[in-house]
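**Q** All chains should be modelled from the sequences, with the hints used to inform the complete structure.
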Amino acid sequence: MLAVSFDNKISGAGRKDWVMNTMSNPEQNNSEQNNSEQSSVGRRKFLQLAASAAAMAGSSTAMSAQQETPARQPEITVNEPGALPPVRAGSDFMLDVMKSLGFEYVAANPGSSYRSLHESTINYGMNRNPELLTCLHEEAAVAMAHGYFKIEGKPMAVYAYSTVGLQHAAMAVYSAYCDRVPVILFVGNDTDAMKRVSRTDIVHTAQDPVAIVRDFTKWDDAPASHGHFAESAVRAYKIATTPPTLPVVLSVDKYLQELPLPEGANLRIPKLSPTLPPQGDYAAVKEIATMLVNAEFPVLAVERAARTPAGLKYLVELAELLQAAVVDTIQRMNFPSRHPLNQNDGRGPDLSVISEADVILALEHPLLQSVVNAGGEEGSPSRSRLTPGAKVISISSLDLFTRSNYQDFGRYQEVDMALAADAEATLPVLIEEVKRLITSDRRRVIEARGARLAEASRRRMERNRVRATYGWDDSPISTARIAAELWAQIKNKDWSLVSRSDAMNGWPHRFWKFEKYYHHIGQSGSVAIGYSAPASVGAALANRKYGRISINLQHDGDLMYLPGVLWTAAHHRIPMLTIMHNNRAYNTEVMQVQQIAGAHHRDVGNCRIGTAIDTPNIDFAKLAQSMGWYAEGP
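The working numbering puts the first residue of the sequence shown at 1, with every later residue one more than the last.
Rather than coming from a laboratory, the hints here were simulated on the basis of the structure. Errors might be hidden in some of the hints.
What the hints assert, rightly or not - Computed list of lysine-lysine pairs in DSSO-like fashion (alpha-carbon distance at most 27 Å, straight line):
| # | residue 1 | residue 2 |
| --- | --- | --- |
| 1 | Lys-313 | Lys-493 |
| 2 | Lys-195 | Lys-238 |
| 3 | Lys-313 | Lys-435 |
**A** Spelled out as structure tokens, the structure:
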């Protein structure tokens, strides 16, 4: 496991130094740290070493990593003569249910309200399928499950401790909700007041513990029997993984877990029958195809269109058939970064093409209003980017599920046609209709449009190359240069960016060639701090068995929310290369306060008070070393 970090003071003050972290013994760490004080390693040589070491760590770990196996009924080991026979508890049956659903891992911070599930997992289930991942915070456990899903494409389970554990987990549950990621939580609870003995039992119990996350989950239940648990667990998995995919929670009674099953108990596990994602109405899809083929300048606006690698393939095929401009918010790996139809400048889509569009097809896009309108900040009126007569179409599964309290569904946008359907499931039918409608005359128009977009893409790439030269030799090192130097080392390897896709001012998306579905995992959904480090570890865990290099471009403030995930990664031997982007501040907030100070005609020089992370500066190398990583740097 590897990680690298550098310091960066925004606006050029300060320095950027290098830090590299991997698992090794403490003596090596001290030796390397002493050597680093005596000599300076060239940046390019250092990154080459880091990438090569990460590749070696990933490939060696992949050989021994757990492979997917069907769930099975484990055998209980025979006790020594005279010992009491093992008791088959309710939690053993609950674990059988979990095994039937194919969970490879369950992430958890230990808690007594699910102690029987914990014990069943490690003894009855032999800690295999699912394997228990030791986390140092419930938020880290859920965020790891979040990142894991975005690589592996299937949910991870999470155990949480009653009220206090779920409160810790709540922020990460909200991020998964906003990012449309299914996480399945099993929350222990002392339901029967007569069985609450200690102060801990009493203050850690709620009549309805799931209430604190109900506004940002898709479904929850509190099973009252073992058979009820079996049905609810299978139902929860089915609901969570049906688009729109979202978190679900089961509140599991502590004593229902611990209750011995009667001899010959006739309990069965229902069969999981996945629900097919809903396709768009066929007549409406035909109409959309006609509009797209006849359009002079169609635009595809995508947010979470590609749920799976198939979605990426479908979107490329549709865009190429139409030679349509694609504006991608990079919330998922929707479209190849260097494709000539991709109208993204690194940090986000180039929305200038919206004003040229006569047909816009939005796919799984909850924030469409901000695409077709400009301005509107701080209460000022927005203005439409649309040309008169332009048609706007939406295909989204989000129309099938909406909550009231949290406003993640965005501003209301008028559209000419809205299909309440899963975009990925609808694309194959739409593609076939588009193929059928394209004539030779339309093909000439389409090809000319594609040539124009390709030229615009080429010019955009050239502008980015020029911008990257600004401050190329500066110290601290520029984010453009670190992205370029790192790309030179990984471009011929099997790599995966497991941190937020907009890291380092978007320079990876301007330089790197993102084309495979696992090349990046998108963003957090909630735009919250504290997501990136644990989500990166979860995604790296999913990459491990494939031998990929997992790369985490990590911000300093984000890591300090949940630094314990470094220990979890080392403990479970999850290989990952981390480069710390250390600007020693919550810099977005610095700029926000500066903006307000300017508006109030006050001193902007005080705006690092309450936002800076310095005095003392955090030694991230020592922090990582203390968690079992190899590290260099400040």
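**Q** If a hint holds in the structure, say so; if it doesn't, say that too.
**A** Structure-based check of each hint:
1. Lys-313 with Lys-493: 22 Å, holds
2. Lys-195 with Lys-238: This hinted pair is violated, its Cα atoms lying about 33 Å apart.
3. Lys-313 with Lys-435: With Cα atoms ~16 Å apart, Lys-313 and Lys-435 stay inside 27 Å; holds.
In this structure, the one hint that does not hold is number 2.
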